[in-house]
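J.: Okay, here's what each chain looks like letter by letter:
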Amino acid sequence: DAKTTQPTSMDCAEGRAANLPCNHSTISGNEYVYWYRQIHSQGPQYIIHGLKNNETNEMASLIITEDRKSSTLILPHATLRDTAVYYCIVRPMNSGGYQKVTFGTGTKLQVIP
Amino acid sequence: KAGVTQTPRYLIKTRGQQVTLSCSPISGHRSVSWYQQTPGQGLQFLFEYFSETQRNKGNFPGRFSGRQFSNSRSEMNVSTLELGDSALYLCASSPTGEVNRGQYFGPGTRLTVT
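Residue numbers (this note's numbering), protein chains in the order written: chain R, 1 to 113; chain L, 1 to 114.
Hints were generated in silico from the structure; no laboratory data involved. Backbone N, C-alpha and C define an ideal beta-carbon position, used for all residues, glycine too. Careful: at least some of the hints might be erroneous.
Said to hold, decoys possible - Chain R is nowhere near these chain L residues, computed Cβ spacing over 10 Å in every case:
| hint | residue |
| --- | --- |
| 1 | Gln44 |
| 2 | Leu83 |
| 3 | Gln103 |
| 4 | Thr112 |
Unchecked claim - Each computed DSSO-like pair below joins lysine-lysine, with the alpha-carbon atoms no more than 30 Å apart:
| hint | chain 1 | residue 1 | chain 2 | residue 2 |
| --- | --- | --- | --- | --- |
| 5 | L | Lys13 | R | Lys52 |
| 6 | L | Lys57 | L | Lys13 |
| 7 | R | Lys3 | L | Lys57 |
| 8 | L | Lys57 | R | Lys108 |
| 9 | R | Lys52 | R | Lys108 |
| 10 | R | Lys3 | R | Lys108 |
| 11 | L | Lys57 | R | Lys69 |
Use the sequences and the hints to build the structure in full.
T.: See the structure below:
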């Protein structure tokens, strides 16, 4: 499995965009980048995923560099409810149902009023 | 649809005992994965079941085992509990064998071993 590297913690002012970086320099061609977040004492929640194109959904945007070695999760207007640990992971798709996923320790995002 | 449910939510056991945790996936989901989360190690993959078969296994000792039933419900068992087994155990399900929109996690079972 490709490993990911994320900053341990970040702060963001409420209402501003939160940009969370992730390095995945050993990612393989068939591996997708997924982002989850975990609010205290809850199970992780899926946010977004992508292969090589930028993606956007109702929660966030995902920007993947052209060489796919890094990505950035963008929360356009952070709220206090976005305070959580954010995990960036990589995993293969369509590989016979291979589900093994390696989560790192993630980035603790603190949204400040 | 109801989300992933896990029972019990909290559990206290003594060293040397065994424990069984239960997970009910979202209706229609056939893949169930288990994870252990501790403050020091983060979220670690235990194993994954699909159609009653274990497909992937993480680096945990044989004391950790699991199974999946025909209705996709899954259980994990930890025998001869150790203090280091104290953790949040999370179950996640996904629709088929593939993770298209990601896995859906349950709230977890908080196991404390004394």
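J.: With reference to the structure, classify each hint as holding or not holding.
T.: Verification of the hints:
no.	hint	result
1	Gln44	7 Å, violated
2	Leu83	21 Å, holds
3	Gln103	7 Å, violated
4	Thr112	14 Å, holds
5	L:Lys13 to R:Lys52	46 Å, violated
6	L:Lys57 to L:Lys13	25 Å, holds
7	R:Lys3 to L:Lys57	18 Å, holds
8	L:Lys57 to R:Lys108	28 Å, holds
9	R:Lys52 to R:Lys108	25 Å, holds
10	R:Lys3 to R:Lys108	18 Å, holds
11	L:Lys57 to R:Lys69	27 Å, holds
Checked against the numbered hints given earlier, this structure breaks hints 1, 3 and 5; the rest are met.
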